[in-house]
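Spelled out from the first residue to the last, the chains are:
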Amino acid sequence: GQQVMQIPQYQHVQEGEDFTTYCNSSTTLSNIQWYKQRPGGHPVFLIQLVKSGEVKKQKRLTFQFGEAKKNSSLHITATQTTDVGTYFCHPGSGTYKYIFGTGTRLKVLA
Amino acid sequence: DVKVTQSSRYLVKRTGEKVFLECVQDMDHENMFWYRQDPGLGLRLIYFSYDVKMKEKGDIPEGYSVSREKKERFSLILESASTNQTSMYLCASSSTGLANEKLFFGSGTQLSVL
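Protein sequence lines correspond, in order, to chains A and B. Using the numbering used here, read the first sequence as starting at 298 and increasing by one per residue. Using the numbering used here, read the second sequence as starting at 346 and increasing by one per residue.
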């Protein structure tokens, strides 16, 4: 089926280290959303990016939408144990309508 | 806050049984979705509905059907459950029919088919 690729699939970091996950599409996206799923939980909406080159911040989380609107990234500065979970990107329309990225599972070692 | 409620958190069924997974949302959302989540495979779309009695296939509809008789309720049906349908099933809803509206998820149903 259709997929939007995320890399890496897994990431283990020491608490305090930075973390980045990337979301890549072969087609131009009108917008992109990011979701976080805690272990044993369900995906929860974090943010939406719409404009080319857009950057948004939520405390230690920085979200970017590429200039060509084909990729996006989520960067966490100085990870904490509360950041543990799986992060999914979700292109909002077009070819990948309602499809989620493959996800990046983050583990933070105290 | 939007609430999406799935009827069961855990369900155990036998091969060949007909299984109903129910989902109810309380915010008058037009769109409702069923995903399944398996380790290493992310979230895969089974079916979605953008209006009462309307449905569209997602990526993996085989072996499943859906029903949306009322706006707030979206049911996933496994006509004859098989072991490869053992999975976490997540229901979601969103408003206005626009693809860029955020999705609200239920807590999920972990289905085991023995």
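Among the hints, erroneous ones may be present.
[Stated by the list, open to error] Just so you have them, the derived chain A footprint on chain B, three or more residues with Cβ under 8 Å:
id: 1; stretch: 354–368
id: 2; stretch: 446–456
[Unchecked claim] Every beta carbon over 10 Å from chain A, so not counted as near; a handful from chain B, in silico:
id: 3; residue: D373
id: 4; residue: K400
id: 5; residue: D404
id: 6; residue: S412
id: 7; residue: K415
id: 8; residue: S425
id: 9; residue: T431
id: 10; residue: S432
id: 11; residue: L435
id: 12; residue: S440
id: 13; residue: L459
Hints listed in this document are in silico derivations from the structure and should not be mistaken for laboratory results. The structure displayed is predicted, hence computed values, not measured ones. The beta carbon of each residue, even a glycine, is placed where N, CA and C say it ideally should be.
Which earlier hints can't be squared with this structure? Hints 1, 5 and 11 not satisfied by this model.
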